[in-house]
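Asks: Each chain, written out:
Number of protein chains: 2
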Amino acid sequence: MPNILLADDHDLVRDTIAAYLETVEDFNVLTAANLNDALELMRGLDLIDLLILDYNMPGMNGLEGLTRARAAFPACKVALMSGVANRDVANSAMGQGADGFIPKSLTAASLVNAIKFVLSGEKYMPFDFGTARTEAKAGGEFSKLSARELQTLEQLCIGLSNKEIARNLDIQEVTVKLHVKNLLTKLGVSNRTQAALLAKERHLF
Amino acid sequence: MPNILLADDHDLVRDTIAAYLETVEDFNVLTAANLNDALELMRGLDLIDLLILDYNMPGMNGLEGLTRARAAFPACKVALMSGVANRDVANSAMGQGADGFIPKSLTAASLVNAIKFVLSGEKYMPFDFGTARTEAKAGGEFSKLSARELQTLEQLCIGLSNKEIARNLDIQEVTVKLHVKNLLTKLGVSNRTQAALLAKERHLF
DNA sequence: GACGCATCTATACTTTAGTATAGGTGACTA
DNA sequence: TAGTCACCTATACTAAAGTATAGATGCGTC
Numbered sequence: 001m002p003n004i005l006l007a008d009d010h011d012l013v014r015d016t017i018a019a020y021l022e023t024v025e026d027f028n029v030l031t032a033a034n035l036n037d038a039l040e041l042m043r044g045l046d047l048i049d050l051l052i053l054d055y056n057m058p059g060m061n062g063l064e065g066l067t068r069a070r071a072a073f074p075a076c077k078v079a080l081m082s083g084v085a086n087r088d089v090a091n092s093a094m095g096q097g098a099d100g101f102i103p104k105s106l107t108a109a110s111l112v113n114a115i116k117f118v119l120s121g122e123k124y125m126p127f128d129f130g131t132a133r134t135e136a137k138a139g140g141e142f143s144k145l146s147a148r149e150l151q152t153l154e155q156l157c158i159g160l161s162n163k164e165i166a167r168n169l170d171i172q173e174v175t176v177k178l179h180v181k182n183l184l185t186k187l188g189v190s191n192r193t194q195a196a197l198l199a200k201e202r203h204l205f
Numbered sequence: 001m002p003n004i005l006l007a008d009d010h011d012l013v014r015d016t017i018a019a020y021l022e023t024v025e026d027f028n029v030l031t032a033a034n035l036n037d038a039l040e041l042m043r044g045l046d047l048i049d050l051l052i053l054d055y056n057m058p059g060m061n062g063l064e065g066l067t068r069a070r071a072a073f074p075a076c077k078v079a080l081m082s083g084v085a086n087r088d089v090a091n092s093a094m095g096q097g098a099d100g101f102i103p104k105s106l107t108a109a110s111l112v113n114a115i116k117f118v119l120s121g122e123k124y125m126p127f128d129f130g131t132a133r134t135e136a137k138a139g140g141e142f143s144k145l146s147a148r149e150l151q152t153l154e155q156l157c158i159g160l161s162n163k164e165i166a167r168n169l170d171i172q173e174v175t176v177k178l179h180v181k182n183l184l185t186k187l188g189v190s191n192r193t194q195a196a197l198l199a200k201e202r203h204l205f
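Taken in order, these protein sequences are the chains called A and B. Here my numbering is used: the first residue of the first sequence is 1, the next is one more, and so on. Here my numbering is used: the first residue of the second sequence is 1, the next is one more, and so on.
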């Protein structure tokens with residue numbers, strides 16, 4: 001029987017998904033409320049086949065949590081689950097070694113399929129996700145942004161300074177200023193705070 | 001058998017909660033992905049006992065969706081469900097006539113209790129919710145702010161400059177800077193963007 | 001009355017943000 | 001091949017943000 005560890009900070013979401021998986025399929029589902037608890041639990045067990053991590057959860061810190069989990073348990077398959085993330089996040093996650101990406105917009109039946117898929121050693125990422133809002137709205141204002149500008153905007157959404165962004169993206173501060181200025185113009189806002197608020201409002205990051 | 005209509009835009013969350021409720025208790029659970037679909041569905045049926053609305057869902061627009069639902073179906077009980085809302089939102093919801101408030105941090109067992117409670121004609125709101133992050137931080141950080149600092153923060157959340165804030169509050173720009181500096185310290189953040197993002201995350205404005 | 005506190009203002013300063021202009025590279029394309 | 005575009009860097013500047021210190025007012029409390 002496959003052992004699955006589901007980590008999500010919303011008790012209701014976590015428990016019901018766990019209960020669902022255990023009833024409809026022959027899974028043994030353990031749960032945790034944050035990343036640290038999940039990793040701690042795994043250290044005591046060492047027999048988890050699949051770890052499912054909520055993208056927005058204490059301890060995750062973006063994709064850093066994914067990296068930590070993979071480093072601590074290289075043999076275990078890791079899937080990321082999110083209710084808000086867009087295709088970029090999904091791609092980044094897969095790029096950083098995730099075995100699957102599960103948007104919460106998935107149907108329950110598809111979730112089971114996805115899990116089976118990953119357990120069998122395949123990578124899973126739905127290609128039709130984000131049809132509703134995520135992608136549509138992203139199309140409007142944000143489609144004008146270049147790759148670098150998007151990355152810059154992402155950093156703005158954590159409230160970082162130009163200097164910090166420059167360090168993170170490994171470019172000069174002047175360049176960051178250029179990207180910021182250009183994205184402000186493209187988004188039609190007058191400062192970084194408005195840009196961050198706009199992106200947050202559209203659920204981009 | 002009580003008929004419940006569960007409206008949430010996350011298929012996964014919605015379907016698993018629905019499945020859970022149907023297996024553990026004698027509920028008949030219908031589902032919808034947004035407010036309009038939910039109301040449309042009810043128009044054709046007119047026998048729903050309890051409508052559960054996700055607070056963050058297309059068509060909700062804050063508590064306006066709650067008002068719309070109650071206006072359209074005065075006889076039906078309505079509960080609000082949210083993964084992020086704080087006590088203030090919960091109180092407002094109850095104030096505007098909601099029959100229950102269900103944080104997603106609730107356990108699955110408590111959810112069933114809550115539903116039974118509401119179906120029996122009682123109002124349900126957990127008094128211990130937000131023990132984890134929501135309330136602790138919301139009460140903690142923002143209660144330290146003075147009236148003026150809160151007003152300043154509100155303006156920050158629209159992305160205004162110090163000069164604009166000064167004009168709106170009818171004080172000098174230096175004073176605004178003082179308020180900003182103080183509230184940054186109190187909130188433990190390092191610039192206005194982070195302050196705005198924090199306040200937005202806590203749904204203060 | 002003395003004290004604390006929120007409020008406002010002032011001066012003076014450093015740092016960060018944002019604008020402007022110019023130039024270099026590589027990739028892709030008409 | 002010439003042109004376009006994303007990208008990066010540089011210099012130089014203005015404007016805005018943030019820090020520090022000091023002093024004034026009013027309000028409520030001990």
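No lab work stands behind these hints, which were simulated from the structure alone. You may find that some hints are simply not true.
If chains are identical, the list can't say which one is meant, so a pair holds when it fits in one copy or spans any two.
30 Å max Cα-Cα, derived DSS-like pairs, lysine-lysine [what the hints assert, rightly or not]: (1) 144 with 200; (2) 116 with 186; (3) 177 with 123; (4) 123 with 200; (5) 186 with 144; (6) 181 with 116; (7) 123 with 163; (8) 163 with 116.
Remember, it's a predicted structure, so these values are computed and weren't measured experimentally.
Asks: For residue 181 and residue 116, with the copy left unspecified, which applies at a CA distance of at most 30 Å: within, between, both, or neither?
Replies: Result: close neither inside a copy nor across copies, 46 Å intra and 53 Å inter.
Asks: Is it within a copy, between copies, both, or neither that the alpha carbon of residue 144 lies no farther than 30 Å from that of residue 200?
Replies: both (17 Å within a copy, 25 Å between copies)
Asks: From the Cα coordinates, with 30 Å as the cut-off, is the pair residue 177 and residue 123 best called within, between, both, or neither?
Replies: Result: close neither inside a copy nor across copies, 38 Å intra and 51 Å inter.
Asks: I want to check one pair: residue 186 and residue 144. Are their C-alpha atoms no more than 30 Å apart within a copy, between two copies, both, or neither?
Replies: within (7 Å within a copy, 37 Å between copies)
Asks: Within, between, both or neither: how does the pair residue 123, residue 200 come out at a Cα-Cα threshold of 30 Å?
Replies: within (28 Å within a copy, 33 Å between copies)
Asks: At most 30 Å between C-alpha atoms: does residue 163 with residue 116 qualify within a copy, between copies, both, or neither?
Replies: neither (44 Å within a copy, 54 Å between copies)
Asks: State whether the alpha carbon distance between residue 116 and residue 186 is at most 30 Å within one copy, between copies, both, or neither.
Replies: neither (42 Å within a copy, 48 Å between copies)
Asks: How do residue 123 and residue 163 come out at 30 Å by Cα distance, when the copy is not named: within, between, both, or neither?
Replies: Result: close neither inside a copy nor across copies, 37 Å intra and 51 Å inter.
Hints 2, 3, 6, 7 and 8 from the earlier list are contradicted by this structure; the remaining hints agree with it.
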